[in-house]
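**Q** Top to bottom, those sequences are chains A and B. Numbering (the UniProt record's numbering) for the first sequence: 1 to 254. Numbering (the UniProt record's numbering) for the second sequence: 1 to 254.
It should be emphasised that the hints constitute simulated quantities derived from the structure, not laboratory data. Treat the hints loosely; a few may be bogus.
Chain copies aren't distinguished; within one or between two, either way the pair holds.
To be verified - Simulated crosslink set (PhoX-like; lysine-lysine; CA at most 20 Å straight-line): (1) K196 with K119; (2) K220 with K117; (3) K196 with K146; (4) K196 with K84; (5) K244 with K3.
What follows is the residue order along each chain.
Number of protein chains: 2
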Amino acid sequence: MTKVIIIGSGNVAQHLIFAFEKAQKASNEVQLIQVFTRKRESLVHLLDYDRITTEYNELLEADLYIIAVNDDAIQEVVSNLPFKNRLVVHTSGSVPLSSLNNENRKGVFYPLQTFTKNKEVDFRTIPICLESENATDFQLLNTIAKSISESIYAINSEQRKALHVAAVFVNNFTNHLYQIGNEICQENQVPFDILKPLIVETAHKILALSPNEAQTGPAKRNDIETIKVQETFITNTNHLTIYKILTQSIQNNG
Amino acid sequence: MTKVIIIGSGNVAQHLIFAFEKAQKASNEVQLIQVFTRKRESLVHLLDYDRITTEYNELLEADLYIIAVNDDAIQEVVSNLPFKNRLVVHTSGSVPLSSLNNENRKGVFYPLQTFTKNKEVDFRTIPICLESENATDFQLLNTIAKSISESIYAINSEQRKALHVAAVFVNNFTNHLYQIGNEICQENQVPFDILKPLIVETAHKILALSPNEAQTGPAKRNDIETIKVQETFITNTNHLTIYKILTQSIQNNG
Chain A
1 MTKVIIIGSG NVAQHLIFAF EKAQKASNEV QLIQVFTRKR ESLVHLLDYD RITTEYNELL
61 EADLYIIAVN DDAIQEVVSN LPFKNRLVVH TSGSVPLSSL NNENRKGVFY PLQTFTKNKE
121 VDFRTIPICL ESENATDFQL LNTIAKSISE SIYAINSEQR KALHVAAVFV NNFTNHLYQI
181 GNEICQENQV PFDILKPLIV ETAHKILALS PNEAQTGPAK RNDIETIKVQ ETFITNTNHL
241 TIYKILTQSI QNNG
Chain B
1 MTKVIIIGSG NVAQHLIFAF EKAQKASNEV QLIQVFTRKR ESLVHLLDYD RITTEYNELL
61 EADLYIIAVN DDAIQEVVSN LPFKNRLVVH TSGSVPLSSL NNENRKGVFY PLQTFTKNKE
121 VDFRTIPICL ESENATDFQL LNTIAKSISE SIYAINSEQR KALHVAAVFV NNFTNHLYQI
181 GNEICQENQV PFDILKPLIV ETAHKILALS PNEAQTGPAK RNDIETIKVQ ETFITNTNHL
241 TIYKILTQSI QNNG
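The shape of chain A in the complex, shown without the other chains (with noise of 0.2 Å):
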């Protein structure tokens, strides 16, 4: 049997958890042993309570430490560890390898999502991306990460940091983009939701065809006529920024 422990209560921690207790369901191969956190209640309606600790004198012996925690905490918790030579793993995207304390053996636990609170997600669907020091250590990332999700992938700090860049395009700045058709649905009392079938249906045609393959629009038509109007009818001089540069640059994909 494999024993994890995850040191963390926010979002991407309480998502982990979630799935790491309903795998344990199905199989005991990998088992949740231990959760730290600094305030006990925040975790009460996903664990028993003597799987809670707040000391880090109080962690039990396991064979994997998840860090779920924000980027700019993660030093402070491996600071606080009071152990040598363990397996010890952060789940960011941002901060590489190498930042983890030294005394304890280093890898990278990344589930690219993003996670509402409250909001089920499927983590079997959910992508892995594993990093580790050696290929001992990688094995035993590997079966623990495949008892959650079934789509792993080894993936080193570089290439960390530009699915991280790639993520703040397709996830942030796309929803910057929804959240600049509101704007305009707005000033126009036009209800947002006529669009909603229309995003979704945009995200999915991705798993079928390639970006550029999907690509429609004026700007890829070069309908100059209808890039015109547009610009016109646009007001706010931000989204006319936006609104050119975007243009632009579909434009000169070809």
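Assemble chain B onto chain A, guided by the hints.
**A** Chain B alone, transformed into the frame defined by chain A:
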């Protein structure tokens, strides 16, 4: 029984034909009696030979004629119609009602969705935006639209213009951000597939949360350190320009 004729054989026309044919199997209330196309071969996989015409003067009498052709071909179709005082609508997001011919009654039947050749969509969930010159025609359009969709909206030409601009942001521009994500992955030997679950979840989130509530990431957190690291990482000047402008736009949004 209400009789409908579609003029056109492109993407939108074919999806409309498919939707009407499907609806007809459930109820005979609305019937697609004929389709006009310049090339008969483009539709023989969808319709019996005798319901396709390539001649304007063979057009039957119907309650509604739906012009589903490219924006710049609408005028030509309209000028070729060999009848008067009938209800003629187009399916365009950007062409105003007024640009239809005065000899017939005008209307708009705009399904707001991105259609992919050979990829079936559930038409019942697609919003159809209707516009007409009078209440009787609107009632007729509503009956016909309801036979293929559960999501009908009364949208005037000005609102439709806004919707079309908003659609460019949430569909065309969003897809271009997927394209940039793909390019960043390729440059760094990371499979784009890793990002697909994130892309789909980003879209689905919007069904439950407002874009403002769903916004996450370094720009939203005002995480200057991560933004600096990412700006240094991005070598493509076009990607960097877009990164900076969208980051700033999110930051200004509060």
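**Q** Are the hints correct? Go through all of them and say.
**A** Structure-based check of all given hints:
Proximity of K196 to K119 under the C-alpha cut-off of 20 Å is found in both arrangements, the shortest distances being 18 Å within a copy and 19 Å between copies. Taking the shortest alpha-carbon separations for K220 and K117, only the inter-copy value of 17 Å comes in at or below 20 Å, while the best intra-copy value is 37 Å. For a Cα distance limit of 20 Å, the shortest separation of K196 from K146 across copies, 19 Å, qualifies, whereas the shortest one inside one copy, 33 Å, does not. For a Cα distance limit of 20 Å, the shortest separation of K196 from K84 qualifies neither inside one copy, at 51 Å, nor across copies, at 38 Å.
In this assembly of identical chains, K244 and K3 lie within 20 Å of each other by CA distance neither inside one copy nor across copies; the values are 53 Å within and 43 Å between.
Violation of the numbered hints given earlier is confined to hints 4, 5; the remaining hints are satisfied by the structure.
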